[in-house]
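Asks: If you read the protein sequences in the order shown, they are chains V and P. The opening residue of the first sequence carries number 1 in the numbering used here; numbering runs sequentially from there. The opening residue of the second sequence carries number 1 in the numbering used here; numbering runs sequentially from there.
Treat the hints loosely; a few may be bogus.
[Unchecked claim] Distance ranges between label pairs, derived from CB positions:
hint	chain 1	residue 1	chain 2	residue 2	range
1	P	L149	V	A15	44 to 50 Å
2	P	R262	V	S5	51 to 57 Å
3	V	G33	P	G455	30 to 36 Å
4	V	T21	P	A3	34 to 40 Å
5	P	G393	V	S5	25 to 31 Å
[Claimed, not checked] Covered stretches of chain P (in silico footprint by chain V; criterion: 3 or more residues with CB under 8 Å from a CB of chain V, positions within the stretch not fixed):
hint	segment
6	3-13
7	155-164
Calculated directly from the structure, the hints in this document are not laboratory data. Idealized CB from N, CA, C, for every residue including glycine.
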Amino acid sequence: MTELSDDVVLGLALAAGLEITPTHLAGVKVNLGRLLEQGRLVMAVPITVADEPAPTFAP
Amino acid sequence: MTALHALGAAETARAVRCGRVTALQVTQAVLARVEAMNGTLGCFTAVLADRALGQARAVDQAIAAGDDPGPLAGVPFGVKNLFDVAGLTTLAGSAINRHLPAAARDAVLIARLSRAGAVLIGTQAMDEYAYGFTTENAHYGTVRNPHELACVAGGSSGGSAAAVATGLGALALASDTNGSIRVPASFCGLFGLKPTYGRLPRSGSYPFVFDLDHLGTLARHAEDLALAYDVLQGHDGRDAACITRPSEPALPGLRENWAGLRIGVLGGWFDTMADATARQAVAHVAEALGAVQGATLSLAEAARAAAFLITAASGANLHATDLRERAEDFDPATRDRLLAGALLPASLVLQSQRVRRAAYEEARALFGAYDLLLAACTPCVATTIGQATIELGGRTMAARPSLGVLTQPISCIGLPVVAVPVRFAGRLPIGVQLIAPPWHEARALQVAAWLEAEGVVGSGDLPI
């Protein structure tokens with residue numbers, strides 16, 4: 001699990017135009033840590049230009 | 001004689017159409033059952049008795065007049081409360097939506113079922129905004145599993161699954177973004193259909209993640225899924241993702257011989273993340289089908305991660321205004337996940353969309369060698385209410401976000417799946433996914449119907 005400091009999370013929130021109250025901060029940190037862990041998995045996949053993103057997926 | 005509330009959808013329609021029973025009798029029986037059971041289970045958020053009785057009378061009048069009442073004549077069904085129902089506010093499991101105006105008309109899929117003679121009983125509980133796998137909802141309570149009341153029913157379509165499993169309707173309309181039909185189907189011992197992405201129109205349903213949301217059905221029999229699926233198909237231009245290809249009915253070929261299909265068992269991630277019971281369920285179905293081991297989707301874990309990230313980011317974007325202005329009004333579990341999703345770097349989300357394409361291409365190549373793939377629906381049987389963690393693949397993982405580890409890689413790439421229920425004596429039910437290539441729902445339903453006819457899978461008697 002990624003350990004995030006309060007300052008990092010609050011800085012990201014500021015950039016996103018969100019305010020995170022002290023009571024929500026711990027829960028957001030845990031969940032963001034989980035997401036970043038998943039982020040490492042997707043970033044580890046070698047992707048080429050042929051792998052066109054699928055924002056509106058149509059198999 | 002089987003109690004009317006215990007009849008399946010096809011059985012009900014046959015009985016009503018031939019006059020053996022009236023739609024009104026079936027509806028009254030189911031409404032009485034809802035009245036008796038809903039306090040214990042917490043399935044319904046609104047019961048539409050007047051509407052249901054009116055619809056049932058209309059079906060009976062059509063029959064009396066010699067008109068065709070439709071293929072689903074008198075079949076009682078419920079809907080997850082993210083479907084628009086005329087005159088009701090579409091809650092989507094939230095408190096925030098309570099103040100929205102009532103829907104002016106029914107969602108397109110409700111209208112199609114109703115035109116086919118089905119009778120809407122009510123709306124059903126879910127995780128807030130469909131973001132969860134357990135239906136433990138801070139606003140509306142927890143839906144209990146009818147097989148074991150101390151356990152969750154699964155989610156996010158938990159109210160729908162618990163209702164169908166208990167005979168509070170023969171069918172339910174539900175949604176599946178990451179596993180929200182297949183997870184509760186698994187935990188409640190039901191058949192569930194998540195069609196190919198784009199197959200069924202979502203018009204009139206409250207969205208979660210536009211490019212991952214699928215609508216589908218839950219039932220106690222494979223034939224019931226096929227019957228409803230054939231009624232539900234068809235283009236609707238109000239959903240930009242809905243395909244224009246013609247309907248491909250499943251019912252006509254449902255009992256045809258499937259011999260010759262090449263069926264494989266997904267290994268790797270799908271094996272590692274399944275516990276002993278889940279693996280046993282897959283082996284049980286695989287043996288009956290003569291499936292071979294060794295099918296691999298090497299990008300399954302990455303596809304699951306991609307689904308996780310796309311969901312968090314898209315969900316956060318959808319609810320950005322409320323997250324800014326009234327975060328306190330969310331279910332705390334949903335709020336914290338959505339807030340975290342709002343903080344994700346864009347590169348992770350874009351990479352997720354590329355991984356998704358790569359995973360789909362890998363699956364497409366795999367379907368050159370197989371016609372159908374098998375995997376467990378859930379890593380384990382139903383967890384207990386409030387359970388914080390599960391042990392998977394040697395890791396301790398948070399329970400609520402992890403119950404979809406085996407469904408997310410599949411919905412991420414839009415493949416059609418039929419969940420089939422496996423019952424082992426003395427244990428809670430668990431589901432197996434029959435995964436088909438895109439647009440081959442009929443094939444998965446055909447195999448599901450055969451497995452049920454052979455007694456390999458099945459919902460069994462009503463648990464309570």
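Asks: Against this structure, judge whether each hint is valid.
Replies: Right, here's what the structure says about each hint:
1. P:L149 x V:A15: 44 to 50 Å: holds, 46 Å
2. P:R262 x V:S5: 51 to 57 Å: Given a distance of about 52 Å, which is inside 51 to 57 Å, the answer is holds.
3. V:G33 x P:G455: 30 to 36 Å: violated, 46 Å
4. V:T21 x P:A3: 34 to 40 Å: violated, 52 Å
5. P:G393 x V:S5: 25 to 31 Å: holds, 29 Å
6. 3-13: violated (count 0)
7. 155-164: Answer violated; 0 residues pass the 8 Å Cβ test.
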